[in-house]
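> In case you want the letters, here they are:
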Amino acid sequence: MGDVMIKPSLSTIALRLVFALAIAGWVSLGARSSAGIAETTVKIENFTFDPPRLLVKPGTMVTWINEDDIPHTVTSTTKLFRSKALDSDDRFSFKFSAPGVYEYFCSLHPHMKGAIVVEAEQGK
Amino acid sequence: MGTNIGNGSRSAAETGVERPSRRKVLECMTWAGTGVLWTIAAGVPRSVGLIEEAKAQGSDSLTFLQISDSHVGFNKPANPNAIGTLEEAIGKVKALPAKPAFMIHTGDISHLSKPEEFDDADRVIGDARLDVHYVPGEHDFLDEEQKLYRERYGRGTKGAGWYSFDANGVHFVGLVNVVDLKAGGLGNLGTEQLAWLENDLQSRSASTPIVVFAHIPLWIVYPQWGWGTDDGARALELLKRFGSVTVLNGHIHQVMQKIEGNVAFHTASSTAFPQPAPGSAPSPGPLKVADDKLRALLGISSVKFVRGDQRLAIIDHSLQS
Numbered sequence: 001m002g003d004v005m006i007k008p009s010l011s012t013i014a015l016r017l018v019f020a021l022a023i024a025g026w027v028s029l030g031a032r033s034s035a036g037i038a039e040t041t042v043k044i045e046n047f048t049f050d051p052p053r054l055l056v057k058p059g060t061m062v063t064w065i066n067e068d069d070i071p072h073t074v075t076s077t078t079k080l081f082r083s084k085a086l087d088s089d090d091r092f093s094f095k096f097s098a099p100g101v102y103e104y105f106c107s108l109h110p111h112m113k114g115a116i117v118v119e120a121e122q123g124k
Numbered sequence: 001m002g003t004n005i006g007n008g009s010r011s012a013a014e015t016g017v018e019r020p021s022r023r024k025v026l027e028c029m030t031w032a033g034t035g036v037l038w039t040i041a042a043g044v045p046r047s048v049g050l051i052e053e054a055k056a057q058g059s060d061s062l063t064f065l066q067i068s069d070s071h072v073g074f075n076k077p078a079n080p081n082a083i084g085t086l087e088e089a090i091g092k093v094k095a096l097p098a099k100p101a102f103m104i105h106t107g108d109i110s111h112l113s114k115p116e117e118f119d120d121a122d123r124v125i126g127d128a129r130l131d132v133h134y135v136p137g138e139h140d141f142l143d144e145e146q147k148l149y150r151e152r153y154g155r156g157t158k159g160a161g162w163y164s165f166d167a168n169g170v171h172f173v174g175l176v177n178v179v180d181l182k183a184g185g186l187g188n189l190g191t192e193q194l195a196w197l198e199n200d201l202q203s204r205s206a207s208t209p210i211v212v213f214a215h216i217p218l219w220i221v222y223p224q225w226g227w228g229t230d231d232g233a234r235a236l237e238l239l240k241r242f243g244s245v246t247v248l249n250g251h252i253h254q255v256m257q258k259i260e261g262n263v264a265f266h267t268a269s270s271t272a273f274p275q276p277a278p279g280s281a282p283s284p285g286p287l288k289v290a291d292d293k294l295r296a297l298l299g300i301s302s303v304k305f306v307r308g309d310q311r312l313a314i315i316d317h318s319l320q321s
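For the protein sequence lines, the chains are C and X, in the order given.
The working numbering numbers the first residue of the first sequence as 1 and each following residue consecutively.
The working numbering numbers the first residue of the second sequence as 1 and each following residue consecutively.
No lab work stands behind these hints: they were computed from the structure.
Where is the CB? At the ideal position from N, CA and C, for every residue including glycine.
Be aware that one or more of the hints could be misleading.
[Unchecked claim] Below 30 Å or equal to it, Euclidean Cα-Cα: the simulated DSSO-like pairs (lysine-lysine) are:
| no. | chain 1 | residue 1 | chain 2 | residue 2 |
| --- | --- | --- | --- | --- |
| 1 | C | K113 | X | K182 |
| 2 | X | K240 | C | K43 |
| 3 | X | K92 | C | K84 |
| 4 | C | K57 | C | K95 |
[Claimed, not checked] Only part of the chain X face toward chain C is listed, based on derived beta-carbon distances under 7 Å:
| no. | residue |
| --- | --- |
| 5 | V179 |
| 6 | K182 |
| 7 | G285 |
| 8 | P286 |
Just chain X, with the same shape it has in the complex (with noise of 0.2 Å):
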């Protein structure tokens, strides 16, 4: 079993921004499991089909977990236990190897934001025994004052939820983009989150690795679906600067990558259901699949940075095998 590269270098050649001597980094990206992984090249999603296994390397390096879009309390057809494959995701989590050093969740903990289910979600995602760094996604802010992710999961954050940590030399910014969104609009960070971060970034060096995560896709995968965030751009473009930037966010159900310049951006599984690949169902509602298909489907990432290294490397871990 060997590190394989992805697809990821030559979707980096083909926007023709990406300097040769950090393709070598590229091969950091790779995905594992029996699911699918899908790419952006030129803007065009595709599937690449199935990779191997990274081999885990090295000992001065950093590796959390990210699981997302939990949607605990959903129970309709694609999938009727979600509670379930979440119980399952974190099985997995405790058989890892190497213990990650914490967690961060991409928002749609909760299905429909009622108590009882932050209160599963909390109590299956506890069995990890790991800290959790949460951003909110849409569905955790559908309680009529809106309240119950804040109290649960806001504390010490600022605005809808935004806040930053650091940890092993990389800096992390969990930010919101799911509240105050616009008729016709995509997803939303406002200018009070720009602003923020703006300053948040501005004592940093161009040479600190940093991490971003937020619910719905900051770069535009397919508008006509709402997939993206009309002011992640600007976003971007506060972290032009920085040499190694790794964008993870979740929203979409499926396992997308693409690279730009120093920025690798990655969308996670579900742990609940999968969404259809953009532009190939009527809408992106839940995707119905035959069971023995589904947690091929789902499943959770780990997030390695190593030291020296531009890329983090990112492997995906379906809810099979």
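Here chain C stands alone, though its shape is the one from the complex (with noise of 0.2 Å):
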């Protein structure tokens, strides 16, 4: 019946969400581009990192890209990593190596906080 295709049952719909909400963990956990390196992307936006706790393989590279009116930074609170001041539109890129916590925040507006979570390799 046509009825059933235009209405998807809610097991269906449930299914599908499953399935986009895979489809977005494994892009948040970055994709491999053609060389083969594992890159990502934090987008700064309304004075917040998002995604603000970010998953990903080690050797990941992560580029944080500015998109808001107003500069910012993106310092580690370890002082392993810290961009200079980005305008509208700049980027900051930092390749995580090692498994751990790098937590970081934005040196101007210190209220903006976020951290890369490096996991360890299975097997490892």
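Taking the hints as your guide, dock the two standalone chains into a single complex.
See the structure below:
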């Protein structure tokens, strides 16, 4: 019946949702570039880091993009990395090699906080 | 046209710390222009609407100007021509009927700390032909070595640029609360600066009127947006014994006033772009308003000290009108 096609059952919607979330999760874990380096981005928008807490595999290059009209910085709380002031559309990249939790903030608006969580590779 | 009482008296009464004998002097806290006055009553900021301009009077007095958040170099939709509105603000300064003694600038002179932005700001602000006492905003320390501000404006100052001076019996203190900010924190003065402040205030008598100015508000306006200073309360503690304290700040690009005991807090408008009222937008980013509304939300403040009065009269002049 056409009816069924137009109105998918709740379980179908749930399945699609799970599938969509799975893709989103995979994307946030980082895509492989043609060169084989895992890359992913963190958006800076509305004075927040999005996502605020990002899971990545070791060796992932993380790029922050400032989409605000106000400059921000990406500053490690341990001074491991520190961007210059990023104006609108400016980017800053850092490659995370060792597993661990890397907390950072905006040194101009320190209420803005984020973390990159580098997971240990399986079997190690 | 008369001197109208602002909501300052009500907020003071609500805090319960204001002695009745001082209520009268609160009448000096007025606001003029076509913008909107925000006041904080019991910690809740709210608009109290329009108030007529205060009448200038008295001869044994000191009038100075506060200008803030010029953001020279800003060219985003909220105001594609920030240098133009700074020029208009300086035009207002030059058109004032009585020449003020000097100007204080409460930071964010430039938008990105570029030498040409500082050059442009100096050229336009210099056109007012007034001494200018600066304190830095976080936008003035964006160069890699954080030296451009200090080279231009920091001569004779301590640390990252704090200092004090006296004029007409009033003691002025310029503080820096935009460096060495901690993750998750607010504005920061730091122990070295607080120790200097304690020492600086030590020899002053309690009857000396004090004006403290810094970029980020010294009191906690809205921590969710970083609008406050973590150790500001420690500075205010040092100011407690003084009978008249006025705290002038910028950073939040809107007029806000609060009176607590002997301390009157005031934030000035930006000359570049407005920012939203606390919590009224997803972020404190530049507020885009209709072109014909912009100038009502930008402006300068003039501050008048009359000997014998507890409070300094602060008048905010918008760029409109």
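> A separate judgement is required for each hint: does it hold in the structure or not?
Taking the hints in turn, this is what the structure says about them:
Straight-line distance between C-alpha atoms of K113/C and K182/X comes to about 10 Å, which keeps the hinted pair within the 30 Å bound. As the CA atoms of K240/X and K43/C are separated by approximately 44 Å, the hinted pair breaks the 30 Å bound. Simply put, K92/X and K84/C have alpha-carbon atoms about 36 Å apart, too far for the 30 Å limit, and the pair is violated. Restraint check for K57/C and K95/C: the C-alpha separation of about 11 Å stays at or below 30 Å, so the hint holds.
Interface hint at V179/X: violated, since its Cβ lies 9 Å from the closest Cβ of chain C, which is beyond the 7 Å cut-off. A distance limit of 7 Å between C-beta atoms decides the matter here; for K182/X the minimum to chain C is near 6 Å, and the interface restraint holds. The restraint placing G285/X at the interface with chain C holds, with a minimum CB-CB distance near 6 Å, inside the 7 Å limit. At its closest, the beta carbon of P286/X sits 5 Å from a beta carbon of chain C; the interface hint therefore holds under the 7 Å criterion.
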